[in-house]
Amino acid sequence: MSTRQLVQSYSNQARIATQSDKVYKDECVYTFDTAESPDGLFVCLASFIAVGKQSLATHFEKTNSHLYLHIKTLRHELPSVEEPEKKITKLAIGVEGGFDLAEKKYSYDTQHSLFIYPQGLELPLDQSFSNPDSTEQVTASIRSIIKAESASLKQELDQAWDGDIRCISKHSNNLLQLPDPAQISPDPRTWKCEVCGMNSNLWLNLTDGKIFCGRRQLDGSGGNNHAIEHYEATKYPLSVKLGTISAKGADVYSYDEDDMVEDTNLAVHLCHFGINMSKMEKTEKTMAELEIDLNQKVGEWDRIQESGSKLEPVYGPGFTGMKNLGNSCYVNSVVQVLFTIPDFVNKYFTKYEQYKKCTQRDPSGDLNFQLSRLGHGLLSGRYADQTQAIRPVVFKNLVGKGHTEFSTKKQQDACEYLIYLIDQIERSLRKDSVDPTNPSDCFKFQLEDRIECMQTHMVSYKRRDEYCLSLPLAKDKAVNRKQVEECEAKKLEMQKQGLKLEPAEMVRPEIRLEDCLDLFTQNEVIGDFYSSAARCKGEAKKSTKIATFPDYLVMQARRFDLAPDWTPIKLDVALQVADQLDLESYRAKGIQNGELELPENDGQEPECELNEATVSQLMDMGFSVEGSKRAVFNTKGENSSEAAVNWAVMHMEDADFNAPFSLPSRRPSKKAKIFDDESVNSLISFGFSRAQAVRALEETNGSLERAADWLFNHPDVEMEVSESSSENTRLRDGHGKYELVALISHMGSNANVGHYVAHIKKENQWVIFNDEKVAKSENPPKDLAYLYFYKRV
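Going by full-length UniProt numbering, the sequence shown opens with residue 1, and the numbers climb by one from there.
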């Protein structure tokens, strides 16, 4: 059979890609091979799925596809050109004026050919993507694939993350401006705050023309908050930063919208006060420039990235970098740590071939396989040389799908992502036909809450599962408190003189980890506690200790907080942590001799009432009425407006935050129904837990058929599991002695901006994983980390 006859015999497999088809042509769906890999990439003309050469046999077994577009790209490094170091002017990654992800420049040469499997025949394609031995159908299929937009590009969020892009203010077209205002002098030397006389960081209110100083910055610089105080008194929403005005624009802040914004009529609004925007010159740094300066000056960036050291790169299995997709450093840092832990390595990496064989034809939606693929990419060594790093596009998109935050291009909280990823892994176990074990069990432990009713002194002990020990920072226990106070006094004195303390002179508070643990476990007062013994509300004392110790203990240093004006900030403190920890003194003891246990709730607790004053306070701050109710309800035990605001800020992006809220009804407790084992086991055979099976049967009055249907229609329901069932939870309790093995550190002024880096201890050598850069670490920033990973010794 001639080559043309062979192609013709397979021509019916070649499809023409339409706009509705997903065309994967950037990366192998089974590995991280790309067109730049040594063997290139093979795109199936039938399924439009790209595979690497090593995965051709697997794909052929699943599809029986014979025809492939072979794409091979050669990369040529361009000669480096000496250029002056560019100043960073935008809080952005991968855009002009922002941080540059690529240090070297390249040119590319791409070759296309028709590949026939399993015969191994390769037919080169000309510039019109045809070959004399091809057919019209095959040529049309190839052209449609080359023309089609890549499916990963459709899914992938724009790699250029720009923290400087601003939304148009809703006040731009209808801003109130008071008549006959005082005209503003063009001489900056005459500008000063109308309250404190400050002559820098000044903001002009675009409604009444008043000039006030701005907010205080993290390092003590900035202003005295008089501009925002003026807004709170008048509700005039827009202010422009004097000194940033030029023909190109200016910094405009909307207090009502609580963000930097674009005023499309700024020139008109400024003209109202006699300011000719086209003739103004910039004399002060913009807010983005100030934040970049602050991020770099406070010492985090250099310390955490070890910028002052000449670090030795390392390559090989387990030392593979990960490309930054413009906002994925939080993903990269978490994943790098997870794939140093045996539970994740043994499940996903060692069983890669099994997951590869069992996955569906399009594995982009299979989380179990994507984790296995990720483990293979990081640990096989196949992508661990200095020119390669894997791009976790499919994995990131799959995990974030449907989540209001993780599906966006915004920076995220690495701790929140870790907990969310663990939840997604646990949900995927029922679909895991290769290995049903839960790798997250290595993190799982229990906390024990002890509540003592102050009216009867009877007690209640409750246990709850956790994956992360979240520690408050004992700011009042700084071991260098005297030096910190002296630094603060000096800073205030210099501000009075219009001067600013140099970053090198700043003193960072140093806090002991033990003091944070003591703060976490100490008693706190609950003011609105319903006592089932006294049958009325009163005060109670609550304390928390560690009931079980996991194989790997994750500790979060709560560095992210809220300023007095409710803006997100990061606590700039140094945490003194030891490489070796003994936490046995924090172990929970359970009920003690002589203690009397509070009776079970008899259902007589009065209906829950919301504090209307706190609800109104949150609404005045801009939260919706439903979100305000939800925040007050979820913090009712703390009876604090501050706690309610903190909860609202942490959950304002939740999908149901603004959904209609109604108070849960109080129903008398009822005895658990007993169902026959056959019904329960039938539901368990579908992959559900015993607790889920029992809950479903309760909801459907014991109907097995309806219970199964109920479970499949309520996959995300929070199961109410009795305390007895919690005894069967997968806990690996052991002694509380640990060794520090990994850190995840954050650089930036709050959780919504900045950059994450991981440091991991491998074979007694600390290694820094900074996206695609992997190197031996000389001085891991243990005192500045956000997440600490301890391994039981």
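What the hints contain is simulated information worked out from the structure, not anything from laboratory work. Even glycine gets a Cβ: it sits at the ideal position worked out from N, Cα and C. One thing to keep in mind: the hints can contain errors.
[As the list claims (entries may be wrong)] Straight line, CA to CA, 27 Å or less: simulated DSS-like cross-link-like pairs of lysine-lysine:
id, residue 1, residue 2
1, K490, K431
2, K545, K282
3, K323, K72
4, K248, K323
5, K282, K170
6, K310, K279
7, K62, K570
8, K410, K170
9, K477, K490
[What the hints assert, rightly or not] Each pair of labels, with its calculated beta carbon distance range:
id, residue 1, residue 2, range
10, T190, D561, 16 to 22 Å
11, Y315, G498, 48 to 54 Å
12, E486, R464, 38 to 44 Å
13, E353, K248, 37 to 43 Å
14, Q54, Y315, 57 to 63 Å
15, G498, D449, 50 to 56 Å
16, D709, D449, 44 to 50 Å
17, T567, K776, 55 to 61 Å
18, K409, M619, 26 to 32 Å
19, V625, T190, 54 to 60 Å
20, T567, A613, 22 to 28 Å
21, A613, K248, 45 to 51 Å
22, H76, E505, 30 to 36 Å
Unsatisfied constraints (hint numbers, rising): Numbers 1, 2, 4, 6, 7, 10, 13, 14, 16, 17, 19 and 22, in rising order.
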